[in-house]
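Please model the complete structure; the sequences and the hints are all you need to start from.
Number of protein chains: 2
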Amino acid sequence: MDPKLKAYFESTLKEVSIDCVIFGFHEGELKVLLLKWKGTEGWSLPGGKIYLEESVNDAAVRILQERTGLKEIFLQQFYTFGGNDRYKNMDKAALFRKLEWAFGADFYDEKYMKRHVSLGYMALVEFEQVVATPDWYTDECMWCEISAIPELLFDHNEMVEVALKALRRQLSYQPIGYNLLPEKFTMPELQRLYETILGKQLDRRNFQKLMLSYDILEKLPEKRTGGAFKAPFLYRFDKEKYDRAMREEILFAI
Amino acid sequence: MDPKLKAYFESTLKEVSIDCVIFGFHEGELKVLLLKWKGTEGWSLPGGKIYLEESVNDAAVRILQERTGLKEIFLQQFYTFGGNDRYKNMDKAALFRKLEWAFGADFYDEKYMKRHVSLGYMALVEFEQVVATPDWYTDECMWCEISAIPELLFDHNEMVEVALKALRRQLSYQPIGYNLLPEKFTMPELQRLYETILGKQLDRRNFQKLMLSYDILEKLPEKRTGGAFKAPFLYRFDKEKYDRAMREEILFAI
DNA sequence: AGGTCAATGCGTAAAAACTACACAATATTA
DNA sequence: TAATATTGTGTAGTTTTTACGCATTGACCT
Numbered sequence: 001m002d003p004k005l006k007a008y009f010e011s012t013l014k015e016v017s018i019d020c021v022i023f024g025f026h027e028g029e030l031k032v033l034l035l036k037w038k039g040t041e042g043w044s045l046p047g048g049k050i051y052l053e054e055s056v057n058d059a060a061v062r063i064l065q066e067r068t069g070l071k072e073i074f075l076q077q078f079y080t081f082g083g084n085d086r087y088k089n090m091d092k093a094a095l096f097r098k099l100e101w102a103f104g105a106d107f108y109d110e111k112y113m114k115r116h117v118s119l120g121y122m123a124l125v126e127f128e129q130v131v132a133t134p135d136w137y138t139d140e141c142m143w144c145e146i147s148a149i150p151e152l153l154f155d156h157n158e159m160v161e162v163a164l165k166a167l168r169r170q171l172s173y174q175p176i177g178y179n180l181l182p183e184k185f186t187m188p189e190l191q192r193l194y195e196t197i198l199g200k201q202l203d204r205r206n207f208q209k210l211m212l213s214y215d216i217l218e219k220l221p222e223k224r225t226g227g228a229f230k231a232p233f234l235y236r237f238d239k240e241k242y243d244r245a246m247r248e249e250i251l252f253a254i
Numbered sequence: 001m002d003p004k005l006k007a008y009f010e011s012t013l014k015e016v017s018i019d020c021v022i023f024g025f026h027e028g029e030l031k032v033l034l035l036k037w038k039g040t041e042g043w044s045l046p047g048g049k050i051y052l053e054e055s056v057n058d059a060a061v062r063i064l065q066e067r068t069g070l071k072e073i074f075l076q077q078f079y080t081f082g083g084n085d086r087y088k089n090m091d092k093a094a095l096f097r098k099l100e101w102a103f104g105a106d107f108y109d110e111k112y113m114k115r116h117v118s119l120g121y122m123a124l125v126e127f128e129q130v131v132a133t134p135d136w137y138t139d140e141c142m143w144c145e146i147s148a149i150p151e152l153l154f155d156h157n158e159m160v161e162v163a164l165k166a167l168r169r170q171l172s173y174q175p176i177g178y179n180l181l182p183e184k185f186t187m188p189e190l191q192r193l194y195e196t197i198l199g200k201q202l203d204r205r206n207f208q209k210l211m212l213s214y215d216i217l218e219k220l221p222e223k224r225t226g227g228a229f230k231a232p233f234l235y236r237f238d239k240e241k242y243d244r245a246m247r248e249e250i251l252f253a254i
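Chains A and B, in that order, are what the protein sequence lines are.
Just so you know, we're using full-length UniProt numbering here: the first sequence kicks off at 1 and counts up by one.
Just so you know, we're using full-length UniProt numbering here: the second sequence kicks off at 1 and counts up by one.
Don't take each hint at face value.
All copies of an identical chain are treated as equivalent in the list; a pair is satisfied when it fits inside any one copy or across any two copies.
Keeping only pairs whose Cα atoms sit at most 20 Å apart, straight-line, the calculated EDC-like set for lysine to aspartate or glutamate is [stated by the list, open to error]: (1) K49 / E15; (2) K36 / D139; (3) K200 / E249; (4) K14 / E53; (5) K92 / E54; (6) K71 / E126; (7) K14 / D135; (8) K165 / D243; (9) K239 / E27; (10) K92 / E53; (11) K200 / E248; (12) K92 / E27.
Hints are computed from structural coordinates only; laboratory data are not their basis.
All of these numbers come straight from a predicted model, not from anything done at the bench.
In structure tokens, the structure reads:
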């Protein structure tokens with residue numbers, strides 16, 4: 001095993017790690033960042049371990065920065081996974097061979113396969129700003145549309161589902177979009193984001209009325225030109241009011 | 001150190017444990033179950049460790065059963081605590097002496113104080129059915145009213161606050177009460193439960209209309225006699241419909 | 001350059017949900 | 001048996017949500 005990797009593992013918690021469901025929004029689709037494991041065809045969520053000196057939230061921020069280059073973004077816990085059936089649908093022997101390939105036979109053993117707790121974090125990022133970077137075990141990154149996610153390693157498919165459910169629920173008491181959209185955006189773009197997350201169509205006119213009623217948007221004098229047909233106005237979040245709505249959990253009846 | 005205790009610790013995860021905020025409802029008050037540590041005046045939440053072979057959720061069920069004697073109750077994760085400031089407001093030396101008293105000097109060291117991840121679970125229990133039982137480190141149990149909780153060990157005060165916030169939020173998209181009330185209850189009793197959790201008064205008549213509109217209650221022909229003045233009707237949850245409302249997260253506008 | 005097209009901006013009416021009370025009914029107590 | 005405090009039911013006014021109409025706009029096509 002690589003000495004640097006070994007040193008890393010020995011300076012981190014052994015029984016706990018972090019997995020991140022990183023949501024991005026692009027071309028009207030909600031996407032998740034996936035990593036492909038070296039020498040295999042197996043995809044997984046980005047993740048990492050927690051140093052002894054850092055808080056778990058700090059570790060999540062660090063891991064996210066390592067993978068996307070982004071700081072100061074929306075990032076929060078959504079669930080902690082520690083079932084004893086986390087690998088039940090998998091060929092354990094094959095998985096073990098993969099892990100052996102990545103970590104070396106002297107580190108990963110059946111004990112860790114038996115009970116490993118994973119803290120699920122979800123992040124909302126601005127697609128365009130992300131510089132996706134693989135880690136030690138992986139050699140490829142992919143933004144995968146939420147409805148076309150392949151079979152992932154470990155219990156990562158379940159994690160995506162739970163994260164999406166938590167995100168949908170969150171939509172009903174907090175605004176969303178600040179870290180998911182570019183600084184300036186149009187009302188139809190914001191609507192498409194909501195529709196994608198909720199998985200249902202919304203009325204254009206009522207959506208606009210509702211959003212404006214929350215008083216978190218600033219209408220700009222500019223319009224988005226270049227597209228076909230009538231040019232829509234651009235909006236921007238009023239960060240102060242947006243943050244207040246986040247804190248106070250003003251109900252969004254959608 | 002006691003050999004049995006040592007064996008227990010060695011068969012469990014070292015870096016992770018579970019803490020439970022157990023809510024009970026009694027005499028119109030929302031209460032939390034606390035434990036007093038042996039030989040100290042320090043109170044804490046009930047908690048425990050996770051065996052290598054069990055899932056974290058199973059561990060939470062087991063711990064809850066050990067403390068309350070109850071199974072098959074409402075129990076769910078609400079947050080995972082792993083800040084590096086979990087003991088920041090405490091006299092670390094004094095805390096360490098306490099832990100030494102309980103665990104022996106050969107087990108607990110500064111390393112575990114530095115980073116220990118705690119999975120916060122909350123439970124809703126039927127007060128009358130609980131047989132509160134202390135564990136190895138504790139010798140006394142107490143149901144403490146939510147507004148009169150003393151300073152607790154570790155970061156347990158914060159845990160109670162976070163749990164209560166999660167519970168309040170939950171009220172807005174899921175029904176509550178099945179595990180918190182006796183099988184048969186009156187509408188005013190249910191209302192007092194909601195008022196206590198939400199921390200605000202509700203209109204009696206509107207509350208009744210709303211609750212009945214969810215179609216999860218069954219009105220019984222009996223009345224609660226014995227109290228002063230007019231006897232109120234008894235109700236019972238229709239478990240099937242109640243569970244469906246839980247699953248589908250029908251919005252409760254309260 | 002002007003008509004066509006499809007999306008945007010703004011508005012209104014009906015339906016549903018929520019809020020605030022009014023009043024009769026009732027089991028216990030004095 | 002009357003007094004009392006609480007429960008059971010209803011209703012009107014207000015607000016929120018839903019459904020949809022219509023004029024406007026900017027790019028495209030001819």
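Hints and how they fare:
1. K49 / E15: both (9 Å within a copy, 13 Å between copies)
2. K36 / D139: Classified as within; 6 Å inside a copy, 52 Å across copies.
3. K200 / E249: Between copies, since 16 Å is at most 20 Å while 23 Å is not.
4. K14 / E53: Answer is both: 14 Å inside a copy and 16 Å across each meet the 20 Å cutoff.
5. K92 / E54: Answer is between; shortest inter-copy Cα gap is 18 Å, intra-copy 32 Å.
6. K71 / E126: within (11 Å within a copy, 45 Å between copies)
7. K14 / D135: within (18 Å within a copy, 27 Å between copies)
8. K165 / D243: between (22 Å within a copy, 18 Å between copies)
9. K239 / E27: neither (24 Å within a copy, 44 Å between copies)
10. K92 / E53: Intra 32 Å, inter 16 Å, cutoff 20 Å: inter-copy only.
11. K200 / E248: Between. Shortest inter-copy distance 16 Å satisfies the 20 Å Cα cut-off; intra-copy 26 Å does not.
12. K92 / E27: Classified as neither: same-chain Cα gap 37 Å, cross-chain 52 Å, threshold 20 Å.
In this structure, the earlier hints numbered 9 and 12 are contradicted, and the remaining ones agree with it.
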